Each structure stands twice: as C-alpha cells, then as structure tokens.
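There are 2 protein chains.
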Amino acid sequence: MYRIGIDLGGTEIKGGLLNEEGEILHKVSVTTPVTDGFEGVCKRIAELVDELIKMAGLQRESVKSVGVGIPGLCDERGFVYIAVNLYWENVPLGERLRQIMGLPVYIENDATVAAIAEATKGSMKEVINGVLITLGTGVGGGLILQGRAYSGNHGLGSELGHMIIGENDYNCNCGSNGCLETFASATALVKYTKSLLKEGNFNSKLRHQLKDNLEDLNAKMIFDLAKEGDEIATKAVNRFIKYLAIGIGNIINLLDPEIIALGGGVSKAGSFLIESIEAEVGKYVFFKKGKRHCKIRLAELENDAGIIGAAMMGIKRED
Amino acid sequence: MYRIGIDLGGTEIKGGLLNEEGEILHKVSVTTPVTDGFEGVCKRIAELVDELIKMAGLQRESVKSVGVGIPGLCDERGFVYIAVNLYWENVPLGERLRQIMGLPVYIENDATVAAIAEATKGSMKEVINGVLITLGTGVGGGLILQGRAYSGNHGLGSELGHMIIGENDYNCNCGSNGCLETFASATALVKYTKSLLKEGNFNSKLRHQLKDNLEDLNAKMIFDLAKEGDEIATKAVNRFIKYLAIGIGNIINLLDPEIIALGGGVSKAGSFLIESIEAEVGKYVFFKKGKRHCKIRLAELENDAGIIGAAMMGIKRED
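Protein chains in written order, with this note's numbering: chain A, 1 to 319; chain B, 1001 to 1319.
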C-alpha cells in the first residue's frame, strides 16, 4: 500500500508518493494557482494526486491516504480557519478534497507536519515526546506528544517563537517585547550583528567581507566566522545561543521531552550549533537528575519534510 | 465498582474510597512513617487501603484500582526515581504495592494527580488540553494533553514555575534568574511588597496593619488591600499579574490549551485574580483569531484533589 503527501505552500504545491516505510517513490510539483481561489487549488491538488498515481502505475485503491500540510490553521477534520498566503478563511478543505478524490484525507499545519516527518523518518524516530524548533527568518515549532502530533486547540503549529524570555531592544512583529524569535532567529542574529558592526568597537573580518554593504550580511556568514573565533561574530552567536538555550530550557522545564530537534536555515550551522547549545542549556534546566535531561539534535529532513510528514499523517491517525 | 486514591505526602498519607463517578465515600489519614523507610511506608499504605475497604463493607474484588500521588518522580510502572521528602531514591513502589495488595496500582507525581482531579471532577472537566498552575510558596503545574495526564520523560509534574520570563533582582532557588516563580508566587509577591514598604515612597494601610513587623506580611493581606485600591498593594499585585500573564501567555503560545486553571493558596484571591489576568494576558498571546484563545479559571478542588486525582488515574489509564 502507498501514501501520498502534499506540501501546500503559497507559491508551490509539492506532492510525493511514498511506500508505507516513508520512502519517496515519485515526486512532482506545480505552481499554486492562488488566484483561482479555493476551488482552483483543490482541483490542482486532485490533479497532482492523479498524476502521482499514474506515474507509479498504480490502481487508485492502492493509495491508503492523502495528507496535506497547510500554511495555516485547521481542525482535525481539515476545516481551515485561516491560511493567510492562500487568502483562505473558513474553507472546508478536507471535506472538498474527500469529495473530489474519493480517498481518506488528513490535514495539519505545516510546522506540525514537519515534526511528524522528523518523528517517522528523521531525528525524532520512535520518540514519544519530541519538539521540532525551526530557526529561520522567524522561530517556529511542531510538537509530538505522547507519540502523536499535537496541535492544540486551534490546529496550529506551536507558536513557541513568541514565548517571552527577556527584554529586547526592539519589539517583535507580533507586538510583544522579548519573544524568543527576536533573539534566536536568523533575522535577530543579523540585526544584532549589524548593531555591533555599527558600534565600531570590535574587530571583525565581516567588515572586510561586506565591503561596507551591511545589507549583504546573513546568518551563515556570522556562524562561519564565529567558528573561526572572529570577535563580532562570536559575540553575536554567543548572545543567540544564550537566548536559544533559555527558550529550550523553558520547553524542557514545561514539557520534559526526550528530544528537541533544531531545523530551519540556521540549523545548517550543524554540530557547532548543537555543541554550543548543549554547553549552555544545562544552566536553565530545573530537573538535572535521573536520565539525562533531553537530547538536542539537528533535524534530518530538509525540503522533503513537508511531503514525508503529510504522507505519514495517515499512519499516525489510523493508530 | 470502586476506586481508592492515596495522597502520599512527607508528613501525612491521606486515602479515600470513591465510586466510579469520583465521589468520595470514605476518607482516612495517617502520619507518614518516614523513618520506617520504604517498606514501612508501603505497609502503612496497604493497611490504609484495607481500612477503607472495611469501612465501606466491601469485598476486595469491588476495588478496581488504587492510585497513589507521590511527592517525587516516577516512571509509568511506578518505579520512583526520587522523592526527596521521603528520602527515597530508586524504589519499586508500584511493584511492591501490587505484591502486598494484589490490586492494580497506578502512580503519578502529585502535581499531575491534581491536574487529573481537575480534569475529572473540577475546573477542567471534559477538557482535551488543559494546564493546572498552582500558585503557592512556589509555582508548579500539571498538564492534561490530548485527554491524558502528561508527565514528560521523567514522570514529573511540569516545572513550569522555572520558565524564564525576564530578569529579576534576585535569583531563584534553582540557581537561574528570571523564573516565573520569582515573580508570581506568594513568596515573590511578599518579597516585592516588602521592598516597596522599605523604600517608603508609597502610602499603604499595610504599614498600619503590620505595626512595623514585616515578617507577618502574607499574600492574602496584599491581595485584600489591592482589591480596596491600596497604593503599595496595587503596585505589587500589578507586577505579579503582569508576569503571571507573561507566563500564561507563553504556555498558550506553546501549547494552545482550552483551559488554564489556577490553584494553590494565591488562587483564593478568586475572581479578582482571574479578572486581572484576563485583562492582561491577551497582550502576550500570538494567535488571537478563531475560537477565543483560552479560558482562565479557578481550580475547584482543594485538599481533596490529591485523593480524587489518584483514584481517577485508574479510569484514565484503562481508557
């Protein structure tokens, strides 16, 4: 038997046909026809599913379920409350797709879907309680609790990036001050590094690399130079790590998970990131006895996480 | 059929025999024979269970399960890693009680047990995702997630009181700075109020009430005077509320529960507490659309929560 996973984004719909072991056998992607509205997007998803079945030379009956990860909030039947990038509000996505396709359909927020992918094929395999934190432009997250995807009362991915952990010198886009995202996103790292470069009190190869064009600064450059011990890069990364460790410590104190996996663009800093966090997070963890508090790992699945997680949702839901 | 619930504390063991609806039919309590060690405490629990069965005139077979709430950490089979007040480390409580009593035995941390009680007979009845926060000398908590008691990777109640939410002018007992507990416990409220009284810049009836004996100050006095608009009491309660709202906002952003229930001594401030929090917490909640973010309520069960939750564990586990 087979599963289909759909990663529905604001610009692209990616789809994959997987076996029950979670291996992707066929993949396709199309532009999201946002301007064709809800009905147009539903039809495009159905076409993409048909194409995958055809590519694999399968009977429709061999597909046990279609999972869809959405950039928005929905209930467990797949009723979408809101998906800003698609201009959707209160649309019955699950119901409509079931009607058109005649297959079991499961729908979840894309952050939760990424956590499901990590829990089935990646860094959180066989984990009962695990948290995926994505460190990119913002900070997001998905939760696996008691062996199941957890999406709270509104079917949203965890907004753990908006956990307040201190005071910061600028406000978050959400209006609050002190959100984790304003300390530990790529955006925050770049912003703070720029302020250090402007101060001019520190040495850094960054000035040379950027040739005074601060707009070219990105998180990768900062992490790469921090690895070499560059003064400004190290100062900025240390601050990033300190606050990320507080955020992770808070999650550990609240949920005591087995694993926290770090994904998103910043996680490309790799073992340097993990080792730096490991060295810092113990300071903030209340319960230090017994089994080691929590493993911190890199997420393993990159671009395919959306397809894999969406396909594997069916297995999780039928349990 | 009947259930027995045991609330095992460092000074007292309380036990109750309940019907399947969670009503307490008989109650007894004895001193905890801490100095008799693990074996002595197990025997005392077994005697207390026998006494309850006898009081009710029941056959042993009519008791479906015995639940025990412990002041410590354990795994799901009831192996206790640590219970500081009982001087226990790595003892097979569940196994031993099953041997002595010949009945199904369930064991959980006492904070989780209190949340189970609220979820079966109190403020979180029929709630799928709910959080109990206890505001007392410290700040503790118990979680009900996806309709089940959640106790993480170490069988502990949630250490949500050690979530870091800002910077404070004194360190927490745990060694960190900025723990929720250092802003929003009875201890923190009293400490901050004392510092305001010492500053001498503000008016307050508290000075008169205390007759210069600051040691008599307690959280109830402060809340009572805040209700009347007293200057110092209001200033202290506002700060307490602000940080408690940040902590609650963080939990909502992370877990998006249906209900947060407030228990513990400070919750006796009643509707004044709830209304103050309600007015503040919206500022810190990321997702404000759709269903209302989260209900905030007073916990309903007081001293009996330990017995009720322990007895009801059986029902939850057999689900």
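Take these hints with a grain of salt, some might be off.
Claimed, not checked - Computed from the model, here is a short list of chain A residues facing chain B with C-beta under 8 Å:
1) GLU95
2) SER158
3) GLY249
What the hints assert, rightly or not - Simulated crosslink set (DSSO-like; lysine-lysine; CA at most 27 Å straight-line):
4) A:LYS54 - A:LYS64
5) B:LYS1283 - B:LYS1235
6) A:LYS191 - B:LYS1268
7) B:LYS1027 - A:LYS242
8) B:LYS1027 - B:LYS1064
9) A:LYS220 - A:LYS198
10) B:LYS1242 - B:LYS1268
11) A:LYS268 - A:LYS194
12) B:LYS1191 - B:LYS1205
13) A:LYS283 - B:LYS1191
14) B:LYS1283 - A:LYS242
15) B:LYS1211 - B:LYS1227
16) B:LYS1242 - A:LYS283
17) A:LYS295 - A:LYS227
18) B:LYS1268 - B:LYS1295
As the list claims (entries may be wrong) - Examples of chain A residues toward chain B, derived with CB under 8 Å:
19) CYS42
20) ASP50
21) ILE53
22) MET55
23) GLU167
24) LEU255
Keep in mind that the hints were calculated from the coordinates and are not lab data.
A quick note: this is a predicted structure, and the numbers were derived from the prediction, not measured.
Every residue gets a Cβ at the ideal spot worked out from N, C-alpha and C, and that includes glycine.
Each hint, compared with the structure:
1. GLU95: 18 Å, violated
2. SER158: Nearest chain B Cβ about 5 Å off; hint holds.
3. GLY249: Result: holds, 7 Å to nearest chain B Cβ.
4. A:LYS54 - A:LYS64: 15 Å, holds
5. B:LYS1283 - B:LYS1235: 19 Å, holds
6. A:LYS191 - B:LYS1268: 45 Å, violated
7. B:LYS1027 - A:LYS242: 50 Å, violated
8. B:LYS1027 - B:LYS1064: Holds - the C-alpha atoms of LYS1064 (chain B) and LYS1027 (chain B) are around 17 Å apart, at most 27 Å.
9. A:LYS220 - A:LYS198: 19 Å, holds
10. B:LYS1242 - B:LYS1268: 18 Å, holds
11. A:LYS268 - A:LYS194: At roughly 21 Å apart (the allowed maximum being 27 Å), LYS194 (chain A) and LYS268 (chain A) satisfy the hint.
12. B:LYS1191 - B:LYS1205: 17 Å, holds
13. A:LYS283 - B:LYS1191: Cα-Cα ~25 Å, so holds.
14. B:LYS1283 - A:LYS242: 25 Å, holds
15. B:LYS1211 - B:LYS1227: 21 Å, holds
16. B:LYS1242 - A:LYS283: Holds - the C-alpha atoms of LYS283 (chain A) and LYS1242 (chain B) are around 25 Å apart, at most 27 Å.
17. A:LYS295 - A:LYS227: OK: LYS295 (chain A) and LYS227 (chain A) at ~22 Å, within 27 Å.
18. B:LYS1268 - B:LYS1295: 18 Å, holds
19. CYS42: For CYS42 (chain A), the interface hint is violated, since the closest Cβ of chain B sits about 22 Å away, which is over 8 Å.
20. ASP50: Since the shortest Cβ distance to chain B is 33 Å, the answer is violated.
21. ILE53: 33 Å, violated
22. MET55: 37 Å, violated
23. GLU167: 6 Å, holds
24. LEU255: 6 Å, holds
In this structure, the earlier hints numbered 1, 6, 7, 19, 20, 21, 22 are contradicted, and the remaining ones agree with it.
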